[in-house]
Amino acid sequence: MDPTTAKLTLIAPEMVLCFGAVVVAVLGLTRNASLRRSVPMVAALFLAVSVAACMWSYSTPAAESSGLLLPYLGSFAKPLIACVAILLVMLGGTSVDRRLEAAFESGRVPFEAVRVLRGEFHAFLLLSVAGTMLIASATDLIWLFLALELSSLPSYVMVAVGRHARKAQEAGVKYFFLGAMSSAIFLYGFALLYGATGSLQCTEIAHTLATQAATNGVSTLAIIGAVLAVLGISFKLAAVPMHFYAPDVYEGASGPVTAFLGFMPKAAGILALITVLSLLGWSGHAAVLHGQEVELQGLPAPIAAMLWMMSVLTMTLGNIGALLQRNIKRMLGYSSIAHSGYLMMGLLAGPGAGLNAVLFYLVGYGVMNTVVLAVLCSLERNGEEVETLEDIAGLRNRHPMLAWMLAIAAGSLIGLPPMIGFFGKIYLFTAVLEQGQTALVIIAAVNSAVSVFYYLQLVILPMLAHSNPRSETVTALQSPWPKLAAVIGGVCILGLAVFAQPILEAASGAFGVATVSAAAADEPTAQTTDGMKTVLLDR
Amino acid sequence: MEGTLAYFLIVLPIAFAAIVGFSPAPMAKWIGTIGAFATLAVALLFAWTFPHWTDGLYAPDIDAANWFPAMGVSIALGADSVALLLILMTAFLMPLILIGSFTSITERPKDFFFWFMLLEASMLGAFLARDAVIFFVSYEFTMIPMFFLIANWGGAQRRQAAVKYVLYSFGGGILTLVGLLYIAMKMHAALGSWDFGIASMTAFCSTEMLASEQVWVFILLMAGFAVKIPLVPFHTWLPLVHDQAPTGGSVILAGTLLKLGTFGEFRIAMPMAPIGAVEWNGVLCVLCLIGIVAAALICWVQHDAKKLVAYSSVTHIAFCMLGMFSLNSIGVTGSVMYMISHGLSTGALFLCIGMIYERYHTKDMDELGGLYRTMPIWSFFMVFFTLASLGLPGLNGFVGEFYCLVGAFTAEDTAMTGYPGLMGPWYAIIAGLGLIAAAMYLLMLVGRLVWGPLREPGHHDAHHAHGHAHGQAHAQARDHAHDHAHGAHATTNDRATTLSRDIGAREIGILVPIAILCLVLGLYPEPMLKAIEPSVKNMLAPYPALVERYLKAGTLLESGSEAPPMASASQP
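Quick note, the sequences are listed as chains W and Y, same order.
So for the first sequence, the numbering used here puts the first residue at 1; every next one is plus one.
So for the second sequence, the numbering used here puts the first residue at 540; every next one is plus one.
Read the hints as simulated data drawn from the structure, not as lab findings.
Hints are supplied without guarantee of correctness; some may be wrong.
In silico SDA-like cross-links for lysine to any residue, where the CA-CA straight-line distance does not exceed 25 Å [stated by the list, open to error]: (1) Y:K703 to W:E149; (2) Y:K703 to W:Q325; (3) Y:K649 to W:I443; (4) Y:K703 to W:A165; (5) Y:K649 to W:P400; (6) Y:K1076 to Y:E1065; (7) Y:K703 to W:L484; (8) Y:K703 to W:E204.
Bear in mind that the values here come from a model prediction, so they are computed numbers and not experimental data.
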């Protein structure tokens, strides 16, 4: 398959989503109320089609001839992202414009296409998902940059328009400016990488850096470039030191948008970090240079040290910050920081078990976080969002199902067996231990013990506490969709643990690694082998 | 045959939990009790058909179903004689606890029995597990039902107690998990495949891993178990949790859940990292002695009967661990024996105090006294179980305690018993002080509750003039707080409506089987000791040689002969 066809085949799911975004945006403007109501459904449909497109594109030999360093990364990550996105649409689809639509229906307000946002909101959602997926098939740094921007720009808008409140505007602006700054940082990093290697192609950069590492060591310019790239991208993950926006933005955004921010930028950031770090050569990852097989030296020491520090600081600050919160969304903001720390730990462990564990954990985290927010989004108090811990006290007496789902998700976030969070942690810890990072794992273990304290609030208050006057005014939304999202997610948390094996297998299939051959310099079609095992040097 | 029975032991309680969940509320207690009896029947059948009472082997022998093949996790169940004894004790206590909770659980009975059945399933799962991940999953899962049991049906500070319980258990447990994963990872590096079988992990870790690694692995593994056991200074969660838990919760906590810690020590920590166990032996023994003496002194100044029993549990379990760390066959056999005895007698004491609490809504010894006048039958059982708990010869507590003491006494370097040890007579003498203290505080407990002038709190009794006015006001205020905390709790006196003045047939029916078992184990411990011994000998197999070496060299670290071949490859 020639490279262009291969690339087009690989981005078929993203093309589906972009087309979907256009359809949804137009559909949202129609005068016909029932068509407007169908917008979330149509968006979910396009997401489902894109899952099918992923399956198809990775069943063709396209991935192998695409010139990607990690050709099968997308085969796992893309369908997963689309599936979680379907949950996210279910969770939030009906809440956008809810009051405006009610006003139209009652005839109090004449229909104005300018004022409806539902179509736009879903179009942005689909575009952001498309951007996130594109990262998994980035063959060069320009592509990576554009994909990252495509993933983040719509989310800035979603934060601002998702909710009619000053806080949301403030959060949107804050997120936008800080996001733009982080883009500048990683773009600068990419530029330096280009300066150090003379190429923007991932395979060529990897090749050059591997040669440098094998001869005189990686050049300082490349190291600085990589440091800046990692720092900039870590904004997406809300990792220390780029974490400070997360609690404010999570709190300011509407519930569905918070759920979106909890997963999509994190997935984007993790995929982008995987791509950038794969340029630098992970240990145990072999490359063929001028016909000779060379073992890559592993991540350059400064980068590994930086990741270690970031991981430790991120999980610790996240957990400590979360201890003090009374607002659930702020708490989830900090908890999302903490989980980024765990994920970074897996990145440090590198290809093979480490990245499998990261992807597995990412699925788990996406589902757990979505369930917590789906429960919050199913509730309202006098038309306002339910946000504080007081609001969910005694939830069980009125909405037992939602209370149970919240408890299950919180248990899983803690990492209690037999929920998916527990298996995610086992897998992650083992992978990191394998790299000899015992201290890091112990720090993570202590951190997850600390996290028990605040996650337990999400079990105690809904399940055990008595209602207070504030929580008694909390009612469930009419729409069944957020509740359904919570239940589906809850079932996944319990069920995926029992059937974790297929996911693990799929995740470990994600790291077929291309060997960088000398020929790659002239021709971007790098040879690949199917699966990590054949490439991994038998240590 | 046994294979199916082993699965049944876990599946049956889960199935009954599900049935309880879908049954109408008034039926819940009956279905739960039937479930517990059915599980007991299966456990008895398992014991009846168990072929390895005398040789310390496992039945069923590995009968693994792959669960998580990429990680080498399999659902492998099986029990040796020690595990089976603990299973029998769990299955035996469970129906008694449930029957004991019939009248005290008035709110949401369905949930109560649901969580109890799940708790039983997970505890049996932990005892039956032959795979470290299954063990750990079951071991940690016990936290979830227990959390809800404490937080829903406990005393006024129940939520605080429940959170404390989970924080401590999870914090310790996750370090245990890291220890287990570390061993599995090393094994993966050496053998090239994942395997979480407890037997293979034990074989690998105890023989192939470096001494310095074993020392740290042992600490990691111990972190969780020490909290669960609980060893001083990790015991600080226990009094509050015991005090606040409902009676059934306290009984199962003292009876079985703490035994998960000692069992983990026996099955996981000591066999897997023998070098670590020897290296840390001195520290652990001192901790045990501190536990025995300090907790006994704390017992002495308690006013709350339940807290007193909770602290007595800390000293007793420290005795049990002293026997375990004596590293000889007598001591460890005694330790296992003591696990069972302690479960029975302390569990029964908690039941007795629960019966008082149900009648008077107080456990304060300043407000209660002379109860033999009004509750002669209860007083009989209270005195009986107190004597069993303090180790009166002829009752169950004595055998275990005696063996533990003998174990500690003979654990010196002379190798008289074939098991050289690191303790000696002095340890036994200090521990003996704990025995004397135990007699004092336990007799003080019965002395104040059972004998003396009658003191009853509340206005419903003709004798209330004898009570302290201050104490009464205090008790009423506390009752009020309690009722308030329960919200829907009836403010009428239970005693007037449902409970007889002395304990009734149902409550006698709960205590009699435990009493009979205490007596039987006290008078004729022979079969049980015989059953325990082979398993203990298997566990102790590597110890004599290690202790000899330790005594000669003063440390087991940096001994060249020991470096395994894979040591260089393990650190990339």
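Here is what the structure says about each hint:
Straight-line distance between C-alpha atoms of K703 of chain Y and E149 of chain W comes to about 45 Å, which puts the hinted pair past the 25 Å bound. For the given pair, K703 of chain Y sits about 19 Å from Q325 of chain W by alpha-carbon distance, which is consistent with the 25 Å threshold. Distance check on the hinted pair: K649 of chain Y and I443 of chain W sit about 40 Å apart at the alpha-carbon level, beyond 25 Å; violated. For a cut-off of 25 Å, the pair hint linking K703 of chain Y to A165 of chain W is broken: about 39 Å separates their Cα positions.
Distance restraint check for K649 of chain Y and P400 of chain W: the Cα-Cα separation of roughly 14 Å lies within the 25 Å cut-off, and the hinted pair is therefore satisfied. About 17 Å separates the Cα atoms of K1076 of chain Y and E1065 of chain Y, which keeps this hinted pair within 25 Å; it holds. This hinted pair does not check out: K703 of chain Y and L484 of chain W have alpha carbons roughly 33 Å apart, beyond 25 Å. Among the hinted pairs, K703 of chain Y with E204 of chain W is inconsistent with the structure: their alpha-carbon atoms are about 55 Å apart, more than 25 Å.
Consistency with the previously given hints fails for numbers 1, 3, 4, 7, 8, ordered from lowest to highest.
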